[in-house]
Amino acid sequence: MASTVVTHTPAVLNYLEEKGRHAGILSWVLSTDHKRIGLLYMYTMFAFFGVGVLMGLILRLELLTPGPTIPGFTANMYNAVFTLHGVIMIFLFVIPGLPAIFGNFCMPIMIGARDVAFPRLNLLSWYCFIVGAGIAVLALFTGQGFPDTGWTFYVPYSLRTGTNVTLGMLGAFIIGWSSILTGLNFLVTIHRMRAPGMGWFQMPLFVWALYATAWIQVIATPVVGITLALVMLERAIDVGIFNPALGGDPILFQHMFWIYSHPAVYIMILPAMGAISEIIPTFAGRTIFGYKAIALSSLSIASVGYLVWAHHMFTTPMSLAALFVFSLLTFFVAIPSGVKVFNWVATLYKGSIDLRSPLLFALSFIFLFSIGGLTGLANGALGPNLHIHDTYFIVGHFHYVMFGGTGFGLFAALHYWFPKMYGRMYNERLAWYYWALMFVGFNMLYFSMLILGMEGNPRRYYDYLPRFQTWHVVSTVGSWILVAGLLMMAYNFIRSARRGAPAPANPWGGVTLEWTVPSPPPVENFHEIPRWEGSAYHGFEKLQRRRSEAQ
Amino acid sequence: MVLLGITAAMLFFVWRYRLKRNPLASNIEGNAMMEIVWTALPTALVMVMFWYGWAGYQSSRSVPPDAMPVKVTARMWSWMFEYANGKVHHELFVPLDKPVKLILASQDVNHSLYIPAVRIKQDCIPGRESYLWFRPTKLETYDIQCAEFCGTEHSNMLSKVRVVSASDFETWYNTIEPVDENSGERLVQIYGCLSCHTTDGGKKVGPSFKGIYGERQTVLVRRREMNIDVDDEYLLESMREPNAKIVKGYPPNQMPSQEGILSDEQMTAIVKYIQELK
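Taken in order, these protein sequences are the chains called A and B. Position one of the first sequence corresponds to residue 38 (our numbering), numbered consecutively onward. Position one of the second sequence corresponds to residue 1101 (our numbering), numbered consecutively onward.
Certain hints may be false.
EDC-like cross-link-like pairs, simulated, lysine to aspartate or glutamate; straight-line CA separation at most 16 Å [claimed, not checked]:
(1) B:Lys1187 with B:Asp1197
(2) A:Lys329 with B:Glu1135
(3) A:Lys329 with B:Glu1129
(4) A:Lys579 with B:Glu1129
Hints were generated in silico from the structure; no laboratory data involved.
When you get a sec, could you build the whole thing from the sequences and use the hints?
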C-alpha cells in the first residue's frame, strides 16, 4: 500500500489525546471538535441501534408461531414494540446515519478544513438529538406507555389512543432540529470552507452526497415538524385539522407526513451511496467511473425525491390523475439510482481489486440495495401495489433499502474509516466471518418477508393465519443469525479500538485528503491548509505510476 | 434479470481484475456513450413497467355497470357488510361470476379491506367514501384481512368472502331473519361484538358478556370513579355512547357507537342475551 507524505508536527496531539479545557467525560460532551462530535453521535446511535435490534428480535420471536408465542406478551405490547423499533431505527439511527458519524468526522478533513463552519452549533445539534431521544425514552416509562401507532403516527388512531403519543412526537420534533442544524452546518461548510483549488467537481463524492442530503434535511424536515406539532395540538385542544369528527381530513395528515418522510428516505440512503463511491475506487485502485454522473445523480435523486411522496398512499381514495403522476415520477426517481449502480460496477472494470472487508460490505450494499430498488419498482407500479401495499412485501422492501442499503453502507464506511478514527486496525479475518453470517441471516430474515407479502400477509400483525407460518419461521431464524454476526462485529470494533494494531495514515491507499493526515488525525486536522489540484481522484494516477515503476 | 446481470458483472470483475492478476489498474474516467445508454435503456424499461401497472390498475377502477353494490363499514375491529335490501352480515356472501362493488367507509379510524386471493385492497377512511370491485370466479372461501394498522385487535380484524352459486345466494339474500327477543346471540356475532367481548368470562379488549349483568362495577365517568349496577339502562347507554361509562381497567375510545346501526329492538334483544349469560 502506498504511503502518502504526512504533514504532521509531533508537537500536536491527536484529537483523542487532546483534552481541551475540560477533563474526563466533559472533554467529550463539551467538545466542539467535529471528530469528537462524530464519535459522540456514533456511540449514542449505536446504543440506540442495539435497543432497536433487541426490539426487532422480540418481534420476530413473537411471530415464530401463530397466536401468542412469548408468554405474557400481549397485542398491545407488540404494537408498542414495533412502534418503538421503528421510531428508534428511523429517527435515532438511519436518519442521523452516516452524516452524523462520518459526515462530521470526515467531511471537514476531506475538503481540507479545520472544522465545520459552526462548531458550537454542531454540538448543539447533538444535544437536540440527545434531548429528543431522552423525551422519547420518557414516553416509555410514563403515562400509558409508548405510542402504539407505528412510527407513521397515522390519524385518527394517533388522536384516539391513550398511549403517550404527544410525548413521543415531541421527542421526534426535537430530534428534527438536530437534523436541520446539521444540514445547515454542512451546507455552509461545503460552500465556504473547501481547500483552495478544490472546485465543486473536485470534491470527493461522499461530500457531494452529504451536500445533496443537507438540502433535504433543511428543506423537508420542517414539514414533519409542523405536522407533528399539529397532531400534538389536535390531541391537546382539538383544533380540527386532521380529526374527521371535527371536520378535519386524515388524508391531509398522510400527505404532510410523507412530504417529509419520503425525502427522508433519501436522507438515509444518499450518504451511504456517497461512502460506497469512496470505497470502490480505493479498493479498485483506480479513479471512479463517471464522476459527474454520480455527483449529479445525487442531486437529481434529492430533487425528484420530493415529488413522489404520495406513492405511500396508493390505496387511499385519491384521484386517478394523482395516482398517474405519482406512479410515473416514482419510476423516474429509480433511474439516477440505477446510474450510480452501473457506474460503481464499471469502476471495478480494469481495476486492480483488493477485496477487503470495506469493499466486501460495499459490494453487498450494491446487491442488497438493488433488490431493495427493484422491489421498489413493483411497489411503484399501481397494479401490483394494490396487492402488496401494507403487506410484509413492503416491510421486506424497505429493510433491503434501509438495512441492506444504509445499514451495510454504514458498516462498509465503518470498516473503511475506523483505522482513521482510532488509529488502529481491526481483525480482517473476523470481519469476513461475520460478514458471511450477516449476509446469510439478512437474506433469510427479509427475503422471507418479500414472499410472505406476496402471499398476502399484512404488516403490523401480532397474529397471522396459520398458512403463513413456514416463512415466518425462516425469517425468525434469519434474525438470530444476523444478530450473531452483529455481535461479532461489535466485539471486533470494541476490542480493536483499544488493542488493535496501530494503523498507518493511509492503510488502504486512498487518495482523498483524510488519508494525508495521521491516524488518528491531530486536533484541527491540518497544520497548514492544503492546496488541491486536479480532479477528486487524480491521486490514483500517481499511485499507478509508482507501481509500474516498481515493477 | 437486471439484478443477476449486475451481480454477475460485479463478481466477474472482482475475480478478473483482482490485485494479483491485474496489479496495474487503468484509470478510465468515464464514457459519455455508456452513461447515455444506461440512462436511456432503464428509462424505457421502467416506462413499460409503469404503463403495465397503470393499465392494470385502471381496469380495477372501472366498475362494470351490472355490479352488485355492497356497503362495507369498517370499525374497531370488525367488518359489516350491508346489502341493498338492508340485509347485514359480518361475512361477505357473493354470487359466482357476478361483479361486486364494495362501497367502503370507516366508523372510527383508518382500516383497509384486503382480499389477498383477488389481489386487491383499498383503505377505509373515516369521513370519506372509497370503492373496490371484483368478480368472484370460483366457488371458494377467501380471507379478508385488515391491512391498515388500527389498534389492539388489528391482526384479528378478519372476515371471509363466501362465494356461492347464484341460486344459493338468492336464498341467502332473501332470508331476512326476524328480530325478536331471542335474536341476541346471532346479533352479537353479525355486528362484530365478539371481536372484543367474550361469552365465556375471558377478558379481551372489553369486559366479557358472561356474568356482568346485575354485577356492581366501578366505572369511569370523565375520569371520576363511580359505582353502578349493570342493568338494562347501563347496557343500552354503553351501546349508544360507549365512552360514557368505561368499566375500570379497560381502555376508553375503543368501541364504535351502535347508534343508528342497531335498532331499538335489536339492542333490547342483545341486552336480554347478556342478561341470560350468567
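Next on the checklist: Would the hint linking lysine 329 (chain A) and glutamate 1129 (chain B) be met if the CA-CA limit is 16 Å?
Outcome noted: It holds: about 10 Å lies between the C-alpha atoms, which stays within 16 Å.
Checklist entry - Holds or violated: are the alpha carbons of lysine 1187 (chain B) and aspartate 1197 (chain B) at most 16 Å from each other? => result violated, 21 Å
Checklist entry - Given the hinted pair lysine 329 (chain A) and glutamate 1135 (chain B), is their alpha-carbon gap at most 16 Å? => result holds, 10 Å
Item to check | Holds or violated: lysine 579 (chain A) to glutamate 1129 (chain B), with C-alpha atoms at most 16 Å apart | outcome: Distance of about 15 Å is within 16 Å: holds.
Of the numbered hints listed earlier, the single one contradicted by the structure is hint 1.
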